[in-house]
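> Sequence:
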Amino acid sequence: MTRLFVLDIDDFRPLAEIAVKEPEVTVRRRGPYLEIAAAGSIRIERNATGCRNALWYSAVAAVEDGRISQWDKSELVVEPIGAEG
Numbered sequence: 587m588t589r590l591f592v593l594d595i596d597d598f599r600p601l602a603e604i605a606v607k608e609p610e611v612t613v614r615r616r617g618p619y620l621e622i623a624a625a626g627s628i629r630i631e632r633n634a635t636g637c638r639n640a641l642w643y644s645a646v647a648a649v650e651d652g653r654i655s656q657w658d659k660s661e662l663v664v665e666p667i668g669a670e671g
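Taking this note's numbering, I'd label the letters of the sequence shown as residues 587 to 671.
If you are wondering where the hints come from, they were derived from the structure by calculation, not from laboratory data. Since the model is a prediction, treat every value here as computed from it, not as a measurement. Quick reminder that beta carbons are idealized off the backbone N, C-alpha and C, glycines included.
Simulated restraints on C-beta separations:
#1 R614 / W657: 16 to 24 angstroms
#2 D658 / E608: 17 to 25 angstroms
#3 A640 / E610: 28 to 36 angstroms
#4 A640 / P609: 28 to 36 angstroms
#5 A640 / G668: 28 to 36 angstroms
#6 G668 / R638: 32 to 40 angstroms
#7 E610 / Q656: 16 to 24 angstroms
#8 R616 / R653: 14 to 22 angstroms
#9 D651 / R615: 17 to 25 angstroms
Please model the complete structure; the sequences and the hints are all you need to start from.
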């Protein structure tokens with residue numbers, strides 16, 4: 587399971603809200619974080635979140651069982667470990 591963690595604060599909640607619109611993605615609270623999880627990739631479009639650059643590039647607290655394969659001005663993509671991208 588690929589997991590992305592963001593701090594559970596107003597500024598970063600839109601990432602979880604957008605990600606969970608995909609049927610294979612789940613979101614749950616873990617301590618002070620939101621855990622965004624999927625069996626496959628996690629993709630979040632920046633424009634859909636409404637995040638400005640400074641927030642966008644500071645949103646990721648941690649990744650578990652995955653790696654960031656793209657994190658640019660348009661999209662954040664976390665791939666499962668071992669996935670080719």
